[in-house]
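Number of protein chains: 2
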Amino acid sequence: MSIESMIGTMAKDARTASRGLRGLSRGQKDDALFKMAEKLLKRREIITAENQRDLSAARDAGLSPAMLDRLTLNEAVIGAMADGLREVASLPDPVGAYPVMWKRPNGLQVGKVRIPLGVIGFIFESRPNVTVDAAALCLKAGNAVILKGGSEAIHSNIALGELLAEALNEAGIPQKAVQVIPTTERAAVNALISLDDDIDVIIPRGGEGLIRFVTEHSRVPVLKHYKGVCHVYVDQSASLNMAKEICFNAKVQRPGVCNALETLLVHEDAAPGFLPEMAKEYESAGVEIRGCPKTIDLVPGAVAATESDWPAEFLDLILAVKVVGSMDEALDHIETHGSQHTEAIITNDYNRSQRFLAQVDSSVVMVNASTRFNDGNQLGLGAEIGINTSKLHAFGPMGLEELTTTKFVVYGQGQIRD
Amino acid sequence: MSIESMIGTMAKDARTASRGLRGLSRGQKDDALFKMAEKLLKRREIITAENQRDLSAARDAGLSPAMLDRLTLNEAVIGAMADGLREVASLPDPVGAYPVMWKRPNGLQVGKVRIPLGVIGFIFESRPNVTVDAAALCLKAGNAVILKGGSEAIHSNIALGELLAEALNEAGIPQKAVQVIPTTERAAVNALISLDDDIDVIIPRGGEGLIRFVTEHSRVPVLKHYKGVCHVYVDQSASLNMAKEICFNAKVQRPGVCNALETLLVHEDAAPGFLPEMAKEYESAGVEIRGCPKTIDLVPGAVAATESDWPAEFLDLILAVKVVGSMDEALDHIETHGSQHTEAIITNDYNRSQRFLAQVDSSVVMVNASTRFNDGNQLGLGAEIGINTSKLHAFGPMGLEELTTTKFVVYGQGQIRD
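These protein sequence lines map, in sequence, to chains A and B.
In our numbering, each residue's number is its place in the first sequence (first place is 1) plus 9.
In our numbering, each residue's number is its place in the second sequence (first place is 1) plus 9.
No lab work stands behind these hints, which were simulated from the structure alone.
From a predicted model like this one, the values you see are computed outputs, not experimental measurements.
A hint or two may mislead.
No copy is singled out in the list; a pair is fine if it fits within one copy or between any two copies.
List of simulated lysine-lysine pairs, DSS-like, C-alpha gap at most 25 Å [unchecked claim]:
#1 Lys121 to Lys303
#2 Lys48 to Lys236
#3 Lys236 to Lys21
#4 Lys236 to Lys121
Modelling step: build the complete structure from the supplied sequences, incorporating the hints.
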């Protein structure tokens, strides 16, 4: 069977399964999630053995230690995956809620009810634990999902997919609700993103190259972000101690992720009292500072920033720093170089806090908090499948509710249109 | 200047204008809408003169009387356009509302605030009054819009565009917030749908061919429906008088529109008491019935339906009719042949009404009401720019709220992530 026809069959099976998922009760879905958690723990030896096959191939291929670490499924990671499944079970069921209902002058009652999206194609790289997280979120939101993981994780993903399907089956849920694509061939991605009849949305997660490829070639709508070039703007009214704590946390706590700080903007009145001390803290943590001329005057250890540093997502202990003459200059900088992911202002000024919140066109805009909080779990969504920086459907982190849509329901008593 | 660079400049101007629209108050936007209405009435002679140029070219090109009618801007149509502008002014401003806000254990206050989408590309055919309606809705929702109307309406649209820009200017709003593409060349559409940096969403409205072309080639997300193959299912428990009134209204009241009835499904227990009488009413209105074998037994005037009739959007006084043995058969038929637009059940049975509402995966699902009510205005959204049958962002009619999205705002007091 060709890759195209295999993926076509998987998509049709997913579409059929999604019909069966529409009417499931929360109890049925949670039961499947608990069964998945049990099976994961019971079968951890098989899983880790399959994962070893992936790891030894990855070592032979010369993958970096960081990549090998992300690929590894050990007891601790499997335990965390099982915990994750139980956490998703503990979240409320988004399906079936009526966010609004109103009555028309002619007596029609018009409401919106939350329903699953249908079939989701999820394309991701390396970490096999994401397979289980994504399957859990899609299932709880009533969606069928087709998972295309990174080729390095193929044996781990196939083993996890089998276990998930078994759990679904035992819970009386169509087992094609969760399907892992059992091939490493790139043609599978091309096939998946062409099936706009049977797949409702594609969510790609990984490097910018993968995401650009999917976005440019997909006939199915795509929810994604390319990169997170996150800014903190330290206003002239900021508490400098708070600014230091937040800027340090946002850059250093986990520099390799999309909500880490990449460019620090400092008002010129705050810069002399803030930047030299801040730079010392950054220096002690090994952060390289690439600054504008005014920054370099204040921070002798800084190197000169080039134009390419302003829109850069370093994902590393590197920080671009610019001194600005006004908040307007900061807003212009963010508008020009930002990625609409996460921006924060540090300020004690009421009016500027409000103007920053209103004017910055990013999925999450913060006052006096670390950009690292742009994460479904940290913001209170329970869990997330990704972050969307296109404006459609769900701008920002996507949790269970964002994996649903609403349809209109109309209760009539025989009304006809004049 | 090439078409591509002209459209590129328009898109960049729209993006710049959209920044200025973010912070506008409702009063400013409504002021512009009232000024547009005044100008429209004051300048009706110029508008109708430009419209005459379009009409005479259309007559020379041999357009049908129905097409000429849709293209005509006379006193009555211009008056209705002005009323439409004032109606949009009377609707609440969707921008700035906080649908939800909550507090996290660490004290962070997390909310969602409604914001404009940004820049909308609206591609539509023939009727020039749509130019004004769409501009009004986009403006009120805080979006910049680029309008590409049908080539037959080019002079009318350019004249309307000038007037709208003048009104914006007088109201102190960036006049590039509303731009009409001043060319009939198809290349303008191709250019528009390639600009994913400066345009946030494309909304095409018109024939299926146009919409398929846009969907297949656009790099910008598209909100659209291909067609409306709407079903009414007459259950065995239906009040047959109510069923007759609704089925007649849904098919006959305005057969050329997307929410008109195209396929009638009748439970076999209801068919003998319902179909012969219903068919007489249809006959008197000139409706051609294309039926399944059981329908033909009951309705002597019916012709045999072919497979291609079931997924057909007739947009005419033609109706496909099928007798089904159960509601499950009706649900299967809708799942197979429907367009996820509008479906209704006529029933007095509580359980079947609920099951129909839950199981039918369409943007609007109704009990005991005419499919003709799937329309933003009729459902209480005030007005609509179109109906979306893709599941993303807004499933169903799209009014002002559907022309916005939400971003997260976070109010902190110095929180950092552990």
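Evaluated hints:
In this assembly of identical chains, the alpha carbons of Lys121 and Lys303 never lie at most 25 Å apart, being 54 Å within a copy and 36 Å across copies at closest. Taking CA atoms no more than 25 Å apart as the test, Lys48 paired with Lys236 passes in neither setting, with 35 Å inside one copy and 45 Å between copies. Proximity of Lys236 to Lys21 under the C-alpha cut-off of 25 Å is restricted to the inter-copy arrangement: shortest distance 22 Å between copies versus 32 Å within a copy. In the homo-oligomer, the alpha carbons of Lys236 and Lys121 lie at most 25 Å apart only across protomers (22 Å), although the nearest pairing inside one protomer, at 33 Å, exceeds that limit.
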